[in-house]
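Model the placement of chain A on the given structure of chain Y, informed by the hints.
Number of protein chains: 2
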Amino acid sequence: MELTAGQYTLIYNAFSFAIAAMGAATLFLWLNRSSVAPQYRAAVTISGLVTAIAFYHYWRIFGSWREAYEVKDGVLTATGVAFNDAYRYVDWLLTVPLLLIELILVMRLPHGETGKKAIRLGFLAALMVILGYPGEVSSASSTRWMWWVASMIPFLIILWELASGLKASIANQPAGVRSLVDKARVLTIISWCFYPLVFIFPMIGFTGGTATTLVQVGYTIADLVAKAVFGILIYMIAVRKSEAEGWGVSSGEMAMAGAAD
Amino acid sequence: MELTAGQYTLIYNAFSFAIAAMGAATLFLWLNRSSVAPQYRAAVTISGLVTAIAFYHYWRIFGSWREAYEVKDGVLTATGVAFNDAYRYVDWLLTVPLLLIELILVMRLPHGETGKKAIRLGFLAALMVILGYPGEVSSASSTRWMWWVASMIPFLIILWELASGLKASIANQPAGVRSLVDKARVLTIISWCFYPLVFIFPMIGFTGGTATTLVQVGYTIADLVAKAVFGILIYMIAVRKSEAEGWGVSSGEMAMAGAAD
Numbered sequence: 000m001e002l003t004a005g006q007y008t009l010i011y012n013a014f015s016f017a018i019a020a021m022g023a024a025t026l027f028l029w030l031n032r033s034s035v036a037p038q039y040r041a042a043v044t045i046s047g048l049v050t051a052i053a054f055y056h057y058w059r060i061f062g063s064w065r066e067a068y069e070v071k072d073g074v075l076t077a078t079g080v081a082f083n084d085a086y087r088y089v090d091w092l093l094t095v096p097l098l099l100i101e102l103i104l105v106m107r108l109p110h111g112e113t114g115k116k117a118i119r120l121g122f123l124a125a126l127m128v129i130l131g132y133p134g135e136v137s138s139a140s141s142t143r144w145m146w147w148v149a150s151m152i153p154f155l156i157i158l159w160e161l162a163s164g165l166k167a168s169i170a171n172q173p174a175g176v177r178s179l180v181d182k183a184r185v186l187t188i189i190s191w192c193f194y195p196l197v198f199i200f201p202m203i204g205f206t207g208g209t210a211t212t213l214v215q216v217g218y219t220i221a222d223l224v225a226k227a228v229f230g231i232l233i234y235m236i237a238v239r240k241s242e243a244e245g246w247g248v249s250s251g252e253m254a255m256a257g258a259a260d
Numbered sequence: 000m001e002l003t004a005g006q007y008t009l010i011y012n013a014f015s016f017a018i019a020a021m022g023a024a025t026l027f028l029w030l031n032r033s034s035v036a037p038q039y040r041a042a043v044t045i046s047g048l049v050t051a052i053a054f055y056h057y058w059r060i061f062g063s064w065r066e067a068y069e070v071k072d073g074v075l076t077a078t079g080v081a082f083n084d085a086y087r088y089v090d091w092l093l094t095v096p097l098l099l100i101e102l103i104l105v106m107r108l109p110h111g112e113t114g115k116k117a118i119r120l121g122f123l124a125a126l127m128v129i130l131g132y133p134g135e136v137s138s139a140s141s142t143r144w145m146w147w148v149a150s151m152i153p154f155l156i157i158l159w160e161l162a163s164g165l166k167a168s169i170a171n172q173p174a175g176v177r178s179l180v181d182k183a184r185v186l187t188i189i190s191w192c193f194y195p196l197v198f199i200f201p202m203i204g205f206t207g208g209t210a211t212t213l214v215q216v217g218y219t220i221a222d223l224v225a226k227a228v229f230g231i232l233i234y235m236i237a238v239r240k241s242e243a244e245g246w247g248v249s250s251g252e253m254a255m256a257g258a259a260d
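For the record, the sequence lines run as chains Y and A.
Residue numbers for the first sequence follow numbering that gives the first Met the number 0, so the first one is 0 and each next one is one higher.
Residue numbers for the second sequence follow numbering that gives the first Met the number 0, so the first one is 0 and each next one is one higher.
Just so you know, the hints here were simulated from the structure itself, not pulled from any lab data.
Heads up, the list lumps identical chains together, so a pair's fine if it works in one copy or across two of them.
No farther apart than 25 Å at their CA atoms in a straight line, the calculated lysine to aspartate or glutamate pairs in the DMTMM-like style are these: (1) K116 with D181; (2) K71 with E135; (3) K71 with E1; (4) K182 with E160; (5) K115 with D181; (6) K115 with E242; (7) K166 with D181; (8) K116 with E160; (9) K182 with E112.
Just so we're clear, the structure is a prediction, and the values are computed from it rather than from any experiment.
Next up, chain Y with everything else stripped away, as it sits in the complex (with noise of 0.2 Å):
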C-alpha cells in the first residue's frame, strides 16, 4: 500500500468538491435557464447536462473511493474493494460529445452547418474516450503509451477543428461576443490538454501513491474546468447574445421582442 493516508484524504475530499460544485454548477444553469433567450436555451440546458451527469459520476467515484480503503487511528489500509476506475471514462463517453454540442449550439453557426459538425465532433469525442480507456487501466506503460497516442488522434483532429474551423466562426459573432466566444474556444482546448497530460503521469517517473494523486486530482480539476467553469462560459455567451440580439430578460420586454421579429 504506497498511498498515505494524507494522500487517501486530500483524494476523497477533492471527489467531494467536485459532487459540490457540479451540482451547484448544474442547479445555476438551469434556474437561469429562463435568462436567456429561447434559441440559447438548448445551449445552457445542455451545460447542465453535462454538470448534473459529472455530479452523479463523482457521487459514484466518491463512494467507490470510500469502499477501497479505509482510515483508522491515522493508518491507511485497502480493503480489497477495487476503486472503479470506469466511472470517468462512462461519464466522459457522455459528457463530452455533449460539451462540443454546447459550444457549436451557442455560436449558431448557419443551418445545416450546426449538425454536421455536431455529429463529426461528437463521434470523435466517443472514439477519443474509448481509445483511451484500454490503457487507463494498465499498469504497463507500453500499453498506456500504445493507447494513448490511438486516442490522440481523434483528440488532435477535435483540437484542430476548434482551433482553425471554429475560430474562422468567430468573426461572425456579434462583436460584443466576440471575446467571449474565443475565451471559451481556449478555454475548451487548454482544459482538454489537461487529460492527456494527467494521463502520462504514471508513465513519466511518478510512481505509487503520488501517481495516483496526481491522476485522481488532475482529472478532478480539469473535470471542474472543462465540466463546470466552461458551463458558466457558455452561460454568460447565451446572456450577451441574447441582449446583443435585444431579448430582454422580462416576459413583458420577451413579447415585445418577439412581436417585432
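Just chain A, lined up with the frame of chain Y:
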C-alpha cells in the same frame, strides 16, 4: 478522550439543525425566485445556491461526526475514524466568493464595476480560505497563529472593501432599501468576524472537548447567520428594490411595467 457525551450530542444536534435550516432556506429562496424582478433573480438564485452547497456539506459533516464517535449507554468512545474538518473549508471555498457575488449583484452597481469587483473579492475570499486551512488542521498554537495571520490579510482587505467601498454605493440605492442594504453589509461584516474569532478559541486557553465544542458550534452558528439569514436578507432587498422599480408580483402588472418602458 476529552469530549464528553453531552458535548458530542450538542455538536451532533447543531449539525442536524444546520442541515434543516440550510435546506429550508434553499427551498424558500428558490420557490420565491419569481416574486422578485428578473434583474434580481440571479442574486436570489445564488443565495439559494450558497445554502444548497452548505446543506450538502453539513450532511457530510454530520455523517463524518457520526462515524467518528459512538455513544453507548451514555459513554462516548472514538471509533478511530477521523472527523473530516476539510468539508468546512471546501464549503467556504465555494460559498464565500458566491456570498460576495450575491451582495454585489443585489446592489446593481454600474455596468463594468460588477464583474471587476466580483472577480477581485472572489479571488481574495478563496485565498483567505486556502490560507486558513493549514492552520485549522494543526494542533500547534504557533502554526495556527501563523496561518491565521496570513489568512487575515485577504480577510481585512475584503472587510475594508465592504465597509468603505460598498458603503459609497449605498447612497445610489433607492431610498426605501438603503437601510436594508446597509444591514446586509453590516451583517456580512459582523458574521464574518465570527470566523477568525472561532478559529482562535483553541489558541487562547480552551482545550479538549470545550475547544472542539466552541469551534464546531461556533462555526455552525456563523454559517447559519452568514448564509441562511444573509440569504433571506438579500431576498428581502430584492423584493423591496423590485417594488421600488415598479415591478409587481402578478404577471399582469409585469406586462404593464414592460409596456411602460
